[in-house]
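**Q** Given the coordinates of chain P, assemble chains L and Y onto it according to the supplied hints.
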Amino acid sequence: MTDYRKITLDGLWNNNPATVQILGLCPLLAVSGTVVNAMGLGLATMMVLAGSNLAVSLIRHFVTPAVRLPAFVMIIAALVTVIEMLMQAFTFELYEILGIFIPLIVTNCAVLGRADAFASKNPPLPAMLDGLMMGAGFLAVLLLLGGMREALGLGTLFSNMSLLFGPMADSWEIVLIPEYRGFLLAILPPGAFIGLGLIIAGKNVIDKRLKDAAKRREAAEPKTSRRVRTTGTVA
Amino acid sequence: MNASIGKPRLLFDFHGGIHPPQNKTLSNQRPIRPAPLPAQLILPLNMHLGAPAKPVVQVGDEVLKGQKIAEAQGAVSLPVHAPTSGKVVAIGPRPIQHPSGLDAPCIVIEPDGREQWCELHPLPDWRTCCPPSALIPRLREAGVAGMGGAGFPSAVKLSPRAEHPIEQLVINAVECEPYITADDMLMRERADQIIAGVEILRHILNPKEVIVGIEDNKPQAIEAMRRAATGSGIEIAVVPTKYPSGGEKQLIYMLTGKEVPSGGIPAQVGVVCHNTGTALAIHRAIVFGEPLISRVTTLTGKALREPGNMEVLLGTPVSALLDAAGADMNRIGRLVMGGPMMGFTLHSSAIPVVKTTNCILAATAEELPPPATEQPCIRCGSCADVCPADLLPQQLFWYSKNQDLERAQQYNLMDCIECGACAYVCPSHIPLVQYYRFAKGEVRKEMAEQQKADRARQRFEARQDRLAKEQAEKEARRKARLEGSKPAAASGVDVAALKAASLEASAAYKAAVKALKAAEAEGSDQVAALASDVEQLKAKADAAKAAVRDAGNAPAAPVVDVAALKAASLEASAAYKAAVKALKEAEAAGQDVTALRTEADALKAKADAAKAAVRDAGPATAKAAPVQPATAEQPAAEKADDGAERAQKMKALKTAFNMSHKHFKEATAALEHAEREGADNLEELRKQVERFKLKADKAKAALGLLVDQAKADMRASGSDLKSLKIEAAQTEAAARQKARELEAARVKGDDERINVLSRELDALQREAQVAAGALKAATDEQGLADA
Amino acid sequence: MSLITVTSPHATRSGNHTGAFMRQVVYATIPGIVVMTWLFGWGTLFNLMIAIPAALLAEAAVLKARGYNVRFALRDWSAVVTAVLLALAIPPTSPWWLIVIGIIAAIVVAKQLYGGLGMNPFNPAMVGYVVLLISFPLEMTRWIGPHEAPSWFDSFRMVLASANVDAFTGATPLDSFRTWAGNAEQLQALPILHGEFASLGWEWVNIAFLIGGLYLLARKIISWHIPVAMLAGMALIALPFWLFDDARYASPLFHLFSGAAMFGAFFIATDPVSAATSRYGRLIYGALIGVLVWIIRSHGGYPDAVAFAVLLMNLAAPTIDYYTQPRTYGHHRAKRGATR
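Chains as they are written, first to last, in the working numbering: chain P, 1 to 235; chain L, 1 to 787; chain Y, 1 to 340.
The reader is advised that the hints may include incorrect statements.
Straight line, CA to CA, 16 angstroms or less: simulated EDC-like cross-link-like pairs of lysine to aspartate or glutamate [to be verified]:
#, chain 1, residue 1, chain 2, residue 2
1, Y, K335, L, E732
2, Y, K335, Y, D321
3, Y, K220, L, D385
Chain L stretches covered by chain Y per the calculated footprint, using a threshold of three residues with CB under 8 angstroms from any CB of chain Y [to be verified]:
#, segment
4, 11–21
5, 344–351
6, 419–431
7, 729–739
Anything over 10 angstroms on all C-beta distances counts as not near chain P; from chain Y, calculated [to be verified]:
#, residue
8, R66
9, L113
10, V131
11, F136
12, G195
13, E196
14, F241
15, S251
16, R333
In short, the hints are calculated from the structure, not lab data.
All values derive from a computational prediction rather than experimental measurement.
Glycine included, each C-beta is placed from N, C-alpha and C at the ideal position.
The shape of chain P in the complex, shown without the other chains (with noise of 0.2 angstroms):
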């Protein structure tokens, strides 16, 4: 029986391809520097994750094991063109700020990773969630880092989001600092490691606290014995 619940949890958290199997990381540093280009990629990106398992979960029994990485390089490439013209037609500024960085997602190896983990395992459907969820996951980050660098080095927020959600969109801008001066390394690459460092880091503190929550609660529940315990401490 798939687990629909773990497939999420593992695409959002747990197994979150930017920040536990740190993979895909050229898209994400370079392009995150404000909210609107991270949400940009990020979209693309779950929709090619989501795509792309869906076609490998479903030519899984069909493909030799010789030549089952040409063939999903080969899906996903396809479905990376067709996304690449369709933001070439609906969202073409944003589609030139992108540049180079759309066509290179087929190349990010969590697209590719999740394809031979999971797709070329499991049927369709958990493997469409799970490519959902994994794409999810990877544009939860980029927004975090995206929102992160752009507040830091330029003081506003969803800055020029008409660029993706059309002119309706122009009033979403907040600006935090007025006359912001920017603080430049945000905005550059060692600016975009550090950020996702300390994402990284911050992930990390989480779990922690939750493992060792669980824990103390798992402590407090009594066990049940017969035996009175007269030495140690008791939860």
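**A** Showing chains L and Y alone in chain P's frame:
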């Protein structure tokens, strides 16, 4: 030889070194005084490096001063003597001088105060009475050990091997550690005896130079030694004060410029180094016959009211000495046996003084404060600046802390002399020496386990070899038994010998015939004798020839014959079948059949005879064809030969079959064509077709027979293709593994291991080749058979 | 009688102490601080007054989070040294937030995140400096001309609120040389390039730091290998180029006494944690820093290059160590480049 006062010696300076506060004036202000006789003397059986001594007295025995109470065990060991007369009250474990704080077996003597000496054997004319090498056992019997701190039996050090000629004798009077002044006072008061001892050493070792190294912080000692050494040719070299210039390796480098190779001993560069106290003990042992029963020990430290040097009997508990020096027990924070840099702490003051105790340091807590808290290493490099072995202590610390023993050894961890200079200067108060000791212990443990594993592997391999050899012997015996049933079944060696014999015999015969002819021509009387000789030799030559013939023919014959017989029988039966067919056709055609019938009968008879011959030869084949396991080389080679022959035959038969089959097909086609065309020569063509078919069938049958034979052989030999494959793969894998080990050993530079491994590798490679060859032969046969 | 039982060695108090070492380094910068105050006004002191508390706070915060005994750990004065070096490297009268960001980058990111004292591969003060340089290029090049120092009050306002900065900015000698390199008459005319024997004003700053450095050498806090190698490297590569074309390339003397040459040689490059360890290694390390400084100054994109040169050589320090191990007693050859 250099004069003792004259051109100063060129001194080298070793890298690093520190100048801690010397604190020597604490204890060198007064002369050596004798220590009081304690209530009990505790003598550990192991006061030296090497095997502990074995007691030769029992509880309750009365002993005299200087009497041997424990016997040395083995080559690197020393006896123990009673320091004073008294009674043995106990033999058992007592706390002894060791950093671990563990107990060890000791002999406890209660002095009776009479100080009665046992019988001594002095040798005042040691120069002339006996050869130098005869003095060495005396030193061993006197229990003289290195008194500078290591306690190595001096007799062993004085017997260097012939490949290490001794050029310099170095006497270590440096005493570089702070607080210690035992050698200083010894030299001030007993310089003559020390020099006499050095002379004895020189007599034994016969070096080119004798150098005494003294630090320049002991001016009175230098003066005393110079005076005592005038005219003797012993050089007194004054070295600058630096810790640790008293380290053997550092001192040798300073005085001679030679470096003791890593992991080696000074004798390898032609130097022997002894402590001044040892020289004194040697003098007393040879000239006076006194065994080593007392030594001068420095009692120092701010917790003592009267620090100084004392002549202490071995086995005196430290508590007695502390009392004699007026120790304030409450102020003692640390009790160190040895100096502050390399001594070890005592956990109780009941521990006795032994041969290597040069100092007892009763330090207050302020004098030697407890270790400071370790801070992170800032990589300042001060430690590397002071290391006398020119190591990189900060790197060793890094890797020891992370237990990366491999890297630590690459930085020469094992060359550390644990002098403590690096820990002294470290601004972060890191306990460096403790880290290195830990890492060294781990390395030694690993090496010991590696040795055990190697030995286990060697024993396993030896066992495998033994089993394989037994197996091979069994097979050889079985084979010999089989061939023993044939009387003429001689091995190749015999055939050659027989051939040689026969040649000889015929040569002799020919010579005899010549002689006879000559005699007949001359008409001499010897003719009759010569004629009989000729007869005899002829008989001999004939016999030899016959023997050769029998030996040569018998074993080879069966195999070849069987194949030939079989082929012959096949031919005969095929011919017979053809004749029968022709007969039938003739009968059908209404021709004259009698000739054909007789032919057919003759052929039948032939075929039957051939079959019979094959049948007779058959059982012999099964026995004679050597069916050996593929592990023994010789049988495998033979089988390979048979296999090769058979393979050739099979090849020939195969081509024959192919050709005849082709012809048959052509003929059939021609026949059909002709039938369709309605030509006249149908009969002819049909006959042709038949003929070719027969040929093809014949060849196929013969081939099939040979294949069956090959298969039967291999099955009987138990090495079908599969097992041969496995065999080959296994030997190959073993050879590869061995090659990898060899590479690893090469990188390490371990020559011994490289030799061992390369030999094993060669053996394995040969085995692999043989197995591969057998496999190839088998596959060839199989391959050909799968036509 | 209660006896301690520990293993040898027992004499371990040589008087060397990390905190004492670091304090000496801070004391040695005092001549430099005095000269900079004389030349550029109170800005330098304000920098220090903001940097040192910020550094101590940042380090205390991180050490506490890591579970260390803060009071004991801060006693090694290493945060103070980093703060002083960074404060002296950035222009006087920089805004307060600039210093704070620089300190955080230096202490938290470059030092503590790598493992704390003794574990940082890069010089923390220089990392902080470079972070500031690439993030706020405008503020970081806003130096004051020598002897044109603003008053105490003006400096205070500049530090707190970045007020009236343009009134006081002037180019540094290295800046000027860069701008006018190749133009011989301009180079002759500019007063800032002609002090007593090198650049105006800045020559005294460098002499002051040289004095501080010699003090450190005398007290054996640092060893001579790195400073001598760095200065020699710089001078030796500048010499032939200057002889060849003195309009385009500055003289060795100019290079040695302008910018952060002396400061870098004695205080920055000698940071033991990030430098090479062996003797030969240190010579090579210092020499290459000197060469790199000259190259970046003459051909690179920034007027002063000590920070970049030091960071680049920090990258190379492990490799240099790898190939320059000393020969241990008893071995024939050094195991240079020993690997697995």
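**Q** If you check each hint against the structure, which ones fail?
**A** 1, 7, 9, 10, 11
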